[in-house]
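Enquirer: The chain contents come next:
Protein chains: 2
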Amino acid sequence: MDFTEKILTACRNQKSLVCVGLDTELSKIPEFFKKSDDPIFEFNKAIIDATTPFVAAYKPNLAFYEALGTKGLIALEKTVHYIPEGIIKIADAKRGDIGNTSRLYAKAFFEYFKFDAITISPYLGADSIAPFIEDESKGVFILCLTSNPGSKDFQYFSNGEQTLYKEVAQKINTWNVKKNCGLVIGATHPGELKELREMVPDLPVLIPGIGAQGGDLELSVTYGTDKNGELALFNSSRGIIYKSIGEDFAQAAAKEAEILQSAINHIRKIRY
Amino acid sequence: MDFTEKILTACRNQKSLVCVGLDTELSKIPEFFKKSDDPIFEFNKAIIDATTPFVAAYKPNLAFYEALGTKGLIALEKTVHYIPEGIIKIADAKRGDIGNTSRLYAKAFFEYFKFDAITISPYLGADSIAPFIEDESKGVFILCLTSNPGSKDFQYFSNGEQTLYKEVAQKINTWNVKKNCGLVIGATHPGELKELREMVPDLPVLIPGIGAQGGDLELSVTYGTDKNGELALFNSSRGIIYKSIGEDFAQAAAKEAEILQSAINHIRKIRY
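If you're matching them up, the sequences are chains E and C in order. If you're matching positions, the first sequence starts at 232 in the numbering used here and goes up one per residue. If you're matching positions, the second sequence starts at 232 in the numbering used here and goes up one per residue.
A hint or two may mislead.
Given that identical chains are not distinguished, each listed pair holds provided it fits within a single copy or across any two copies.
[To be verified] The calculated DSSO-like cross-link candidates involving lysine-lysine, where the alpha carbons are at most 30 Å apart (straight line), are: (1) Lys486 <-> Lys458; (2) Lys474 <-> Lys259; (3) Lys425 <-> Lys302; (4) Lys266 <-> Lys309; (5) Lys302 <-> Lys276.
Simulated from the structure, these hints should not be mistaken for lab results. It should be emphasised that the depicted structure is a prediction, and the values quoted were computed from it without experimental measurement.
Based on the sequences and whatever the hints tell you, model everything.
Expert: Okay, here's the thing in C-alpha cells:
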C-alpha cells in the first residue's frame, strides 16, 4: 500500500483528519509524572490511550526529544512503538542532507524508530529527498509554506511568475511517482493554501498552525482538503496535549481532540 | 569572545583551516573495533588523538549517529566531550524549525552536547535561526549553496536579479549582528564561491565537498578565504577518516589531515 493510500485508510477508519503533535516538555506536563522513571513516555502513553479514538496520526517533534539527549530518544522510541497499528506516525524532524547522509536519516527514522513518514526541508533538492521515498509505504511531508513569521523571508522569494513555495510544490508533484510525497502548508496562510491545493490536487497535505499559532480552521479545512474532503491532516500540539495540567489532563486532551475531529468533519460536511 | 573570533583563534593557534568530518559508520571502520562496547566512540577517539595537531575543527554529522539510535547518541556525546578545548565543534545537523522548536534544538546542541556551532537550513527564515544566535559565543553555519547535485533544484531559483542562494547570503549578513553567523558553500561551485565571498567578506564559511565529492581545493581556498586568507574551514570526511581500514588507520588519517593542512596553507601562501 502506498503512503497516500495509507493516509486515506487511516483517516477513513478513524473518521478523522486530526493529527496530534506530541511536543512533550518536562516543564509542561503534570507534576505527578515527575516521580516516574520516564515521565515523557508515561505522559505520551496516557495521551495516546485517551486520544486514539479521535485521531488519524501522531506527530512527535524530534526537537523536544533531542533536547533531553539519550533519555529523550529512549522516550521517543517507546512512544512510537506504543502508537497503535493503523495510526500514521510522523517524525517532525525537518531533515534534509546530501544523498548519502539522507540515506542514513531514512534508516534512522523508518527502520530504527519505525515511523511512517518524516518532515523534510526542500532546500537541498532531489537527491536529499530520494532516499526517503524509495519505499512506497513510507512517506515524506516536504516543507512548502510554513506557519511561522519567518516563512516570509525566503519562501515568498519570487521569479516574477511564481514564488519559491509554489516552485517547491510543483517539483515535489513531479517527484511523486510512488505516491508517497506530501507537503507541509501552514494554516496561517489560507489564501495560499487554496492556490496550492489547486496546483497539487492529489498530494497529501500536513497542516500545522491551527492551534496556538492562530490559523483559521474553517478556511484551512475548506481549502486544504481534496475534492472529496480528504488527503489533509490537521495538526494541533499544545492546544490538545496541554489543555489541562491537572489530574484530568488525559480526558481534557481527549475532549479537545474529539472537538477538533467533529469541527473538521462538520466543515467537510461529512457525517459519521 | 564572539564565534567569528573563536574560529580565527582556533585556526591561528592550530595553523590550520582543516575541519575533519566525523561521519563514522560501523560498516566502514576497522574490524578490530567491533569487539569494543562502543566502536564508534573508540574509532573517533583514535582519529581525534591522531589528527588534532593538524585541524581547527571537527564536524560530526548527526545522521550517522542517529542512524544507530540511542547508542549512536551516547557515542556522539562522548565524542564531542573528547574533542580538546580550543578546537571548534560543529554539529552538522542541518536543522531549522519554527521559533519555539528551534529554541529546543539550540538547547540540545549547545547546552546538552556542548557544540560550538550547528549547521542550519534557511528555509524557515529569521525566527528559526534566532534562538541559535542569541549567545555570541555559539554560532551557526547556514546552508547557502550546497555541494550536492540537488543544489540546482531550488538554490538557483532566481528573481531575475539574484538567485535564492545569494538572497540567503545577503539576509544572513544583515542578521549577523553578534558576529556568530556563517555560511555553508560547497567547493563544487568555485565561481559562485568567489561571488559570495565578495558579497559577504566578513562571514566565516564552512566549505564541504573537497574530498569524495570532487571540489577543487586550489580554487576553493583562493576564493573561499577572506582578504587575510582566513575565515574559512575546509571539511573533509571520508577522505581522511577512511584513508586506511587497516591497523594504520589513525596514522593514515593524521597523514591525510597534515597533507590537507599543508596544501591549504601553501595556497594561502602562509608559511608556518
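Enquirer: Run every hint past the structure and note whether it holds.
Expert: Against the structure, the hints:
1. Lys486 <-> Lys458: within (29 Å within a copy, 62 Å between copies)
2. Lys474 <-> Lys259: Result: close within a single copy only, 11 Å intra versus 48 Å inter.
3. Lys425 <-> Lys302: Neither way: Lys425 and Lys302 sit 41 Å apart in one copy and 44 Å across, limit 30 Å.
4. Lys266 <-> Lys309: both (18 Å within a copy, 28 Å between copies)
5. Lys302 <-> Lys276: both (16 Å within a copy, 23 Å between copies)
Hint compliance for this structure: hint 3 is the single one not met.
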